[in-house]
Amino acid sequence: MRYAFLCCHDEATINSWTKEQDDAVLAKRAKVTDKLAARGKLGPAVRLMPTTAATTVRMGREPVVLDGPFAETKEALLGFYLIDCDSLEEAIDIAQQIGRDENVVFEIRPVKLYLPKDEAS
Amino acid sequence: MTDVAWIDSLLRSARPQSVSALLRYFRDLDRAEEAFQEACLRALKAWPINGPPRDPVAWLILVGRNVGLDDVRRVRRIDPLPGDDQISELGDAEADIADRLDNSHYRDDLLRLLFICCHPDLPAVQQVALALRVVSGLSVKEIARAFLVSESAMEQRITRAKSRVARADIPFETPGAVERAERLGAVAAMLYLLFNEGYAASGGDQHVRAPLCDEAIRLARLLLGLFPGEPEIMGLTALMLLQHARTPARLDADGAIVLLEDQVRGLWNRDMIAEGLALIEKARRHRRPGPYQIQAAIAGVHAHAATAADTDWSEIDALYASLERLQPSPVVTLNRAVAVSKVQGPAAALAMIEPLAGPLSGYFHFFGVKGGLLMRLGRSDEARVAFDRAIALAHTPAEAAHIRLHLDRLIQDNQPA
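In the order they appear, the protein sequences are chains A and B. Counting from 0, one number per residue, gives the positions in the first sequence under numbering that gives the first Met the number 0. Counting from 0, one number per residue, gives the positions in the second sequence under numbering that gives the first Met the number 0.
Keep in mind the hints are simulated off the structure, nothing from the lab. We put the CB at the ideal spot given by N, CA and C, even for glycine. A hint or two may mislead.
[Said to hold, decoys possible] Covered stretches of chain A (in silico footprint by chain B; criterion: 3 or more residues with CB under 8 Å from a CB of chain B, positions within the stretch not fixed):
#1 2 to 16
#2 36 to 42
[Stated by the list, open to error] Listed next, the in silico DSS-like pairs over lysine-lysine satisfying Cα-Cα at most 30 Å (straight line):
#3 A:34 to A:18
#4 B:140 to A:18
#5 A:27 to B:140
#6 B:341 to A:18
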C-alpha cells in the first residue's frame, strides 16, 4: 500500500528558522528517508513554497479565484496532482478544467523542491 | 533541537501576534510587552514538561492577559487571581480563545502594532529600531550592535520613541477600509526601511547585515499571510526576496562590493528567487500595479537573466519609466539612466542625469554613476572629480573601496604605455 505523508507544521515557526536550523532538520530527516530510497520505498517528495505563494480556486457555478491557501475546515484533503505549468494563469486554467461541474476546491501552491522517486535528498 | 532551542523559536515566531493582541487588551505598550515576557517565562517552565500547546500564540495571549490583569489587580489591591498552577491548566479556555482570535482580529492587531512604530514624527532609523524592539523582540544590545551605537544610546532612543508613540494615541477601534490601506502603506514603507538597513547598511564597516533582511522578510510574509489579497504587499515581499537572494554574491571573499553585472549568479539563492517570481505573478493578476510591484518586476528581470549580458535592459528601462510616472523621484531617474546607458549608450544617460545634479548633490550613487558614464565617454578628468566626490559621500568602507578601484583604473589608463 502506498501512503501519502502530508507534513503539517506551524508556518510562522518554520519561517523564523535560520538556514542552519532548517538544514539540520532536513539532515535529520534524510537519515530516515535515504534508507527508504535505497530500498526503493520512497516515492516523489515535495517541499512546497510558503502559503503566501498559494492561490485557491473554488469551483462551483461561478469559479472563484482567491489569494492565499485553502483555509476551510469543512472540506477534507482527498488527493493531489503535481502538474508542470508554464504560469500561474495556466495552473488556474487547468484547475478549472479538471474541476468542471464539481464543487471541488483546489489550492494551487508552487513547489519549492521536487525529489523524484527514490532520489536521496 | 534542544528544548530551549525549539521553545525559543516558537516564542520568537509567536511574539508579533501575541504582543499585538495583548496591546489590544491593555492599550499600553509597556504593559503588553511585560505581560508577554512573563508569559514566556511561564512557557519556559511549563512547555518542557507538558509539551508545546496546540496553539502557542493563543496560550501566550491567555497567560499574558491573566498575568497582566493580575498585576493590575495587585496594584489596585483587589482580590488576587488563582495561582500559576491553575493558569497553566488551560484546557478548553485555550481552544475557546483560539476560535475567537480568527484572522480578522489578528490582522488588525498586528497591523496596529506595526503601525505604531511608523509614527511620522519618528526619524526612519528610530521607526526601525522601535519595530525591532517591540515587534521582533530583539534586545536593546542586539539593536545597538546592528546600528553601531552604544547600548545606552540605543536604550535612550527607544525609550524616547516609545514615549512619543504613547502620546500619539492611535485608536484601538477596528480601522475602516481607507484607514487600513493607509496603515498598510506606512507599514510597508517601514518594513522596506528595515530591509534596506540590512541590505545597504547606512554606516559602519559591515556593508550587509543579513539578519535584518531576514527579519524584514519574515514580518512581510506574516503581514501577507494576514492580508493575502494585497498586491503591493505581495510586491514588497517579492522585492525583498529577489534582492536578498543576491546577498551571497554581493561581497567577495575580502568583503569588497561585487557589482550586479560581475556577480557569480550561481551563488544566488534560487528558492528565494522562485518564491519572489511566484509572488509577482500573483500580484500581476490584480492589475493594480504599484511601486513595490514594479521594483520587484525589475529585480525579477535581473533574476531571469542567466548572465549579465542576457539582461533585458529595455524591459528594465520601460519598468523604470512606469515607476517614474507612479512615483517620480530623482533616484528613480538615476536608476533609469543606468538602464538607458545599456540600451542607448553613456551619452544619452549622462544627458538624463545632468538635471539631477542639484537634488542629488549629496548622494553617493549619483557621483558613482556619473563617474562611470564619464569614464566610458573617455572624459577621465571629469570622471575623477565625480569619483572623488563619491568617495567623500560613501557610507561604508566597502563603498569607498569600490570607487577607489575605478580611480585606480583611470590612473592606469592615463599612464603612457
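Outcome of the hint check:
1. Residue count for the region 2 to 16 of chain A with a Cβ under 8 Å from a Cβ of chain B: 7. That meets the three needed, and the coverage hint holds.
2. Here's how the region 36 to 42 of chain A fares: 0 of its residues keep a CB closer than 8 Å to some CB of chain B, so the rule of at least three is not met and the hint is violated.
3. Simply put, residue 34 of chain A and residue 18 of chain A have alpha-carbon atoms about 24 Å apart, close enough for the 30 Å limit, and the pair holds.
4. For the given pair, residue 140 of chain B sits about 23 Å from residue 18 of chain A by alpha-carbon distance, which is consistent with the 30 Å threshold.
5. Distance restraint check for residue 27 of chain A and residue 140 of chain B: the Cα-Cα separation of roughly 33 Å exceeds the 30 Å cut-off, and the hinted pair is therefore not satisfied.
6. Simply put, residue 341 of chain B and residue 18 of chain A have alpha-carbon atoms about 36 Å apart, too far for the 30 Å limit, and the pair is violated.
Hint check: violations occur at hints 2, 5, 6; the rest are consistent with the structure.
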